Amino acid sequence: MNFDFSDDQKQLRDQARRFLAEKCPPKAVRAVLEGNADYDRELWKGLAEMGFLGVAIPEEFGGAGAGHLELCVIAEEIGRALAPVPFASTVYLAAEALMLAGSEAQKRKWLPAISSGEAIGTLALFEGTGNPSPQAIKLVASNGTLTGVKKPVPDGAIADFAIVAARTGSSGRETDISLFLVDLKAGGVEAKALQNVDPSRQQAELTFKNCKAEPLGPANEGWSILSRVLDRAAVLIAFEQVGGSDRALEMGRDYALDRIAFGRPIGSFQAVKHLLADMYVSATLARSNCYYGAWALSTNASELPEAAAAARISATQAFQHCSKNNIQVHGGMGFTWEFDCHLYYRRSNALALSLGSLSYWEDTLIDRMRKKNAA
Amino acid sequence: MNFDDTPQEAEFRAKARAWIAANAPKQYEAELKKASLGRLKLDGANVLDVAKAWQKKKAEAGWAVPHWPKDYGGRGVSPIERVIWQQEEGVFGKLGALFIIGQGMCGPTMMAYATEEQKRHYLPPLASGENIWCQLFSEPAGGSDVAGLRTRAERDGDDWIINGQKIWTSGAHYSDYGILITRSDPTVPKHKGLTMFFLDMRSKGVEIKPIKQANGNSDFNEVYFTDVRIPDSQRLGAVNDGWNVSLTTLMNERMSIGANVATGFPELFEFCNNLMLEDGPAIDDRAVRSKLASWAVRASGLKYTSFRAISALSRGERPGPENSIGKLVAGSMIQDVATYALDLQGAAGMLTGAEDAEVAGRFQAMLLRSPATRVEGGTDEILRNIIAERVLGLPGDIRVDKDVPFNKIPTKGRA
Ligand SMILES: Cc1cc2nc3c(=O)[nH]c(=O)nc-3n(C[C@H](O)[C@H](O)[C@H](O)COP(=O)(O)OP(=O)(O)OC[C@H]3O[C@@H](n4cnc5c(N)ncnc54)[C@H](O)[C@@H]3O)c2cc1C
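If you read the protein sequences in the order shown, they are chains A and B.
The numbering of the first sequence is numbering that gives the first Met the number 0, which starts it at 0 and goes up by one.
The numbering of the second sequence is numbering that gives the first Met the number 0, which starts it at 0 and goes up by one.
So that you can see chain A by itself, here it is in the shape it has in the complex (with noise of 0.2 Å):
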């Protein structure tokens, strides 16, 4: 067994750590989160130039070609580093749907570009409050326009293209979803920020009026794609939660060796230590279950729907955890604007719904562990 990542993969790792902590401290998360731009630029450039943003894209449409392991250790340090792009958006959700289900040219107009930082691409899921199922899609496609308003958009002000998932029938059933793809720089979309718990990385409303339009993958399997694209990107996103996780983690246990209260490491405290060894217990459940994710994402395996609702689920929990006791370690200190504790604080509660709640995905895990069951 080697249930691990390669040496090659742990080198890629340390690569993308290394370049991260120089492109992106916590002064460039802030610049984002402060409002003094939409997402950090030079970062994405760079992030580009490094091959990242296509690491698992195809070589033939200008990716680095290597797989989705890779693009699971790039994830985790994005992760950590909290980086203030729209990675998630055009990496794991419209890159993942495009290399799913997109036509021939439709991966050779976008991929490339995606690869290269020129194309930022997102997913058009939620229609307001709730969770994804085919009942809340409510935005119509009819001869190949647009109708509806999609909130929250990841990234959505600032995308050039987007997945929408559309209305195409009224049968009560999955396939009454399609999904299309808009160029959203072409006109009929009208794209208006909103503010959200993590403005490091923005959230948009998407108005679509009779907006022009053109399908992705076949007419009416558009929910089972979105599945599929969801299932994906839950196990990427799993890891970027799972970056957060750790560094939280060693935010707190570097400040409790530090900080000297009643004339003692806080660190020395046993409170404060069985705080931390849970944090510790929680990241590392969650790391198992993502590397379980990663295995089942990389390999195509049909226990993917099952691994990415439990790595889902694992470093949705550990994230909130290690963020928010994160902050009780470090007291006063820990609710100021100034210390960057709240930063991971907000990405970890935003992340925990970014693809649906938690929730969600526990039902949709138990759902899925039944079907297994009586298969």
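Just so you know, the hints here were simulated from the structure itself, not pulled from any lab data.
Don't take every hint at face value.
Only pairs whose alpha carbons sit at most 16 Å apart, straight line, appear in this in silico EDC-like list of lysine to aspartate or glutamate [unchecked claim]:
no., chain 1, residue 1, chain 2, residue 2
1, A, LYS370, B, GLU269
2, A, LYS106, A, GLU117
3, B, LYS33, B, ASP283
4, B, LYS51, B, ASP175
5, A, LYS370, B, ASP283
6, B, LYS69, B, GLU115
7, B, LYS290, A, ASP6
8, B, LYS290, A, ASP366
9, A, LYS371, B, GLU269
10, A, LYS106, A, ASP159
11, B, LYS302, A, GLU220
Keep in mind that this is a model prediction, so the values were computed, not measured.
Add chain B with the ligand to chain A, keeping to what the hints say.
Same frame as chain A, now just chain B with the ligand:
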């Protein structure tokens, strides 16, 4: 990243599998599958007899304790092959519970400190299950703080004379031998005056009194020593170096990482899948699903954490303190799982009789046994200390008794 065996590992697995298929006591397989924490029953047979017979059969074919050297009753396999063996032995491994302390902790300590002659004499029957060993460490005055023990060892010519009391000694009542840690010098700080021995449990002056546990069973005991003579040749390690010897014993606990720690999750999932509530199957209920999912990812998280540890083992790395996570997570989880399984049954969850209780009282037995899991072999709090100090590098506890001669340490919390 893969789950594949190397060709060598695959060959070993095939050999182990074939032997087990041809030799395991299949008549008990179904009952062993159903066994869970706090409950191991074999219809019409005595567990100890069946366990000893299986161990003996394995020993005759060289499979008893495969990772031990051949000369001591093992097969000399690598750590990763040991894990493969455990995987293949599967539910039949549950029969090994009685031998775990002896083979997992006493044996390795003997291997590290006994003479060659002693090893050849004592280890093969320990491997084959003919002899059962126990671990005489904890005392009324010291469990977590085992170095606070008071059982005295005093030199008398070629012998030592032992007086004192051990407690919580699992299996002492059916053990043939034990390893015993004692205080040989009370005038020096507590870790520096300890000496380790092994002894015949039938020695004159050893008295074993079973303790009735909170769950009604009696698996552990008080063991009293009154002028028990142990020859100096049965000393393990140097005089007053018993603390270091005991660390060998405790470190070996970590090596058993391939063994699955019971979480209760598979049992609960199956239960919820079959249980009907007023408004339909339990597993369709949102609240039930949310709880199940949270436990599912803890169980899978532990499973894949152990896979990562196995991978490290297969690269030749030694397991470290991070392996404390298994029992820490599983211990409180199995307790919560059992509590929840009863909750789902409403008032009838109280019933423990096999005919009246759902799934024959399985979760009730689990509930009543589970508190012990959080205490035995290192409490939850001690495991958190280990993770905090040895994995995360946080400061050790302030030890007020560290440099104080043992006989000057206060013995009561309130006067
Ligand atoms: C089922 C079972 C089988 C056992 N089998 C054996 C056996 O075969 N051989 C053997 O030698 N022993 C055995 N034990 C004993 C076991 O190792 C001890 O019970 C255990 O180490 C705890 O010690 P204690 O009971 O003295 O509790 P204490 O150490 O008194 O602990 C009481 C409470 O204080 C906490 N505490 C203590 N020290 C600290 C600290 N430094 N920091 C934070 N909290 C602390 C503990 O976590 C616990 O909650 C067994 C125990 C059980 C339950």
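Here's how the hints hold up against the structure:
Proposed proximity of A/LYS370 and B/GLU269 is supported: the alpha carbons are some 13 Å apart, at most 16 Å. Using a Cα cut-off of 16 Å, the hinted pair A/LYS106 and A/GLU117 holds, with the two alpha carbons roughly 14 Å apart. Using a Cα cut-off of 16 Å, the hinted pair B/LYS33 and B/ASP283 is violated, with the two alpha carbons roughly 25 Å apart. This hinted pair checks out: B/LYS51 and B/ASP175 have alpha carbons roughly 14 Å apart, not beyond 16 Å.
A hinted pair counts as satisfied when its Cα atoms are at most 16 Å apart, and A/LYS370 with B/ASP283 qualifies at roughly 12 Å. The straight-line distance between the Cα atoms of B/LYS69 and B/GLU115 is roughly 13 Å, inside the 16 Å bound, and the hint therefore holds. Taken as a hint, the B/LYS290 and A/ASP6 pair is broken in the structure, with Cα atoms around 38 Å apart against an allowance of 16 Å. For the hint pairing B/LYS290 with A/ASP366, the CA-to-CA distance comes to about 13 Å; that is within 16 Å, so the pair holds.
The suggested pairing of A/LYS371 with B/GLU269 holds, with an alpha-carbon distance near 12 Å, which does not exceed 16 Å. For the given pair, A/LYS106 sits about 15 Å from A/ASP159 by alpha-carbon distance, which is consistent with the 16 Å threshold. The hinted pair formed by B/LYS302 and A/GLU220 fails the criterion: a straight-line CA distance of about 35 Å is larger than 16 Å.
Checked against the numbered hints given earlier, this structure breaks hints 3, 7, 11; the rest are met.
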